[in-house]
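Asks: Starting from the structure of chain A, add chain B where the hints point.
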Amino acid sequence: SQQGEEDPQALSIQEGENATMNCSYKTSINNLQWYRQNSGRGLVHLILIRSNEREKHSGRLRVTLDTSKKSSSLLITASRAADTASYFCATQGAQKLVFGQGTRLTINP
Amino acid sequence: DTAVSQTPKYLVTQMGNDKSIKCEQNLGHDTMYWYKQDSKKFLKIMFSYNNKELIINETVPNRFSPKSPDKAHLNLHINSLELGDSAVYFCASSPRTGNTGELFFGEGSRLTVL
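Just so you know, the sequences run in chain order A and B. First residue of the first sequence? That's 461 in my numbering, and the numbers climb one at a time after it. First residue of the second sequence? That's 21 in my numbering, and the numbers climb one at a time after it.
Be careful, since some hints might not be right.
Unchecked claim - Here are the simulated DSS-like pairs of lysine-lysine, each with C-alpha atoms no more than 25 Å apart in a straight line:
| id | chain 1 | residue 1 | chain 2 | residue 2 |
| --- | --- | --- | --- | --- |
| 1 | B | K60 | B | K91 |
| 2 | B | K64 | A | K530 |
| 3 | B | K60 | A | K556 |
It should be emphasised that the hints constitute simulated quantities derived from the structure, not laboratory data.
Chain A with its partners taken away, still in its complex shape:
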């Protein structure tokens, strides 16, 4: 299926460290997006990377995309307690955006 699969499912790090989450998918895509979901809240869009792009930055976020390996990574640098959330990758096909199961990130003070 087109569905992205995040790895790891859960990640716990100390504040100030970098956090890396990975996403793999199976079919060709138009773009790949990352979203954040705080506990009990809706998803919030973080960044979109198109299939012809390899890397994109937004503040402390860095996203890479390797279409030959059908994988993407999200790096959050200098993590903060407020970054504690679930992070989802979503792959854009012809008509719809398909989400993975997410990585649960916990930042410990």
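Replies: Just chain B now, kept in the frame of chain A:
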């Protein structure tokens, strides 16, 4: 000010009942969606409407009936509720269908079927 708003936020009901969840967006977007998030956080698309027209119906049981009276509203009606319908239902919108840019999500409606 809320861009995508859903009501109610919480819904607790008995098996067999019928319930509705309402969604409104004030972003002027053409496309609206319903997603279901299960207890394992897996988020699955259910329906997509573009300017009141059904675009995507992801083999959802016909007990689920979306209705879009205008492009700013997409409601979800569920008949004969079952235990497995318990989940968080998210409404979302995007400027256009097809090669979607970012989606804007509501805060979710947590449905619990007893």
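Asks: So which hints don't hold here, by number, going up?
Replies: 1
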